[in-house]
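Participant: Residue numbers (the numbering used here), protein chains in the order written: chain V, 374 to 480; chain B, -4 to 410.
For the record, the hints were derived by calculation from the structure and aren't laboratory data.
Note that beta-carbon positions come from the ideal geometry of N, C-alpha and C, so glycine has one too.
Take every hint as true, because none was put in to throw you off.
Simulated restraints on C-beta separations:
(1) V:470 to B:271: 50 to 56 Å
(2) B:401 to V:378: 33 to 39 Å
(3) V:450 to B:199: 37 to 43 Å
Taking lysine-lysine pairs in the DSBU-like style, the calculated list, with each CA pair at most 30 Å apart, reads:
(4) B:67 to V:376
(5) B:332 to B:383
(6) B:66 to V:376
(7) B:332 to B:169
(8) B:403 to B:383
(9) B:332 to B:403
Examples of chain B residues lying across from chain V (beta carbon under 7 Å, computed):
(10) 37
(11) 39
(12) 56
(13) 58
(14) 59
(15) 62
(16) 301
(17) 325
(18) 334
(19) 375
(20) 376
(21) 379
(22) 403
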Amino acid sequence: MPKVTFVGTDGTQHTIQAAVGESVMATAVRHGVPGIIGECGGNASCATCHVYVDESFAALVGPPNDFEDDMLDLAVSDRRPTSRLSCQIQLTEALDGLIVTTPEEQP
Amino acid sequence: MTGGVLIVGASQAGVQLAVSLRDFGYDGAITLVGAEAHRPYQRPPLSKAVLSGVSDVGSLELRTPAFYAQKKITVLLSERVTEIRLSRTGAAGSGVAVTDRGRALDFDRLALAVGARPRRLDVPGTDLDGVCYLRAIDDATRLRAHLASARDVVVIGGGFIGLEAAAVARSQGKNVAVVEAAERLISRSVAPEVSEFFRRAHLRRGTDIRLAATVERIDGDHGRVRSVRLTDGTVLPADLVIVGVGVVPRTELAEQLGLACNGGIVVDEFARTSEHSIVAAGDCTVMPNPQTGDGLVRLESMPNAVSQARVAAATLVGQPRPYTDVPWFWSDQYDLKLQIAGITTGYDQLVWRGDPETETFSVLYYCRGRLLGVNAVNNASDYLAVRKALATATPIHADRAAAGVPLKDLLVAAS
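Just chain V, with the same shape it has in the complex:
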């Protein structure tokens, strides 16, 4: 069971035992982690699950696909190099220990 740590803008941390195959967004929403809304249910349609992937995991998580790239371009308020929609990050054992930071605001 991979562990994921969500870091809020105020530094508060939530560490969740997630399930392999579940998305980072779904993990956050089901456990009520603040800062991630996931309004569209994981469909890359709302961009309310925007996160910054910690540098140490950026390569492992990889870049967004074109569709997600468009979403990030248009929908999020403060896009950075490791911005991803967390609904598009499926958890694997290799991602155990993943750290993501939630942005100041979701659209």
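Following the hints, position chain B against chain V.
Facilitator: Only chain B this time, still in chain V's reference frame:
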């Protein structure tokens, strides 16, 4: 349980109402009661990833049990509210609900998030084994099992549920026919030209589409479905029939309470029913078109359930704010992702961007020069730009949009 807010319907809207009540600082009791045995879950993937087997039903759960416990939200499952009485002597809006287990639930305030049921097809043979509807987890599980062994699938209804199910079945190599009574597909939601795009897209992938076709009966052998007979005499072989002919809002409790209903429980922009102390949200409601304030629209969608539930919660805690979210919707069919923003009924002009033959395009809908909304296929950028334009009341002029420049550039130029 005594007092607090009683939310009838452990649905997406019901859960959002409960969560938003806590977000808005409500600290009274919250009870969520639902007839299904499953903890509240998302429905949209049922006709998409769950049916195709990409996701399992466990992934649909909206919140964990620990979350409800921590937020002090009592969730009662497998229990249907059958009767609600408002108090004649107590505080306005208070009363008692009785469940099919005979339990009485007192409430200070009531919220209805009871959803809708699938419309039943009224022809002989719908009771045969192999005739399936799709609304709940149990339907999806049953349908998925049937699909695994099916060869010939007939989908009755060319709306979103029907087309999504058809796409899943066809992607699994089944012979698939879609039977639609209207002259075109998804006729309530998109322009005729967009319906035609979807007809062609399904045809290209080998799905048989029959428009203006009416089912006479479903025939079977030994209780199992065998074929679907149309009124023109056509017989379509079928070992699985999927019926997706729309939904009927569950208005029984609202009618019992004497609330105004008109194709759904009538609510205003504050999610208040005709009895203002009672709120309602989600698929069970009709409300004034949020973009024009006119008429009554029923927005059967998860985003609306979430938006309206937030509005309802704000009303309940005495911080009313009107519904202002831009309605949006999506549908996944094969590798086609349709995204819709805005309510496009009443349009008088369409602006096409991109060639539908490439399966990446968008259509902007206008009425007297005013942007109403967009249908975008595999085009997140246009979808988002229009959604943003509608949310911020930023005009996108039709002639500029038709010129093919990125819509986001027009947004920036206008802001």
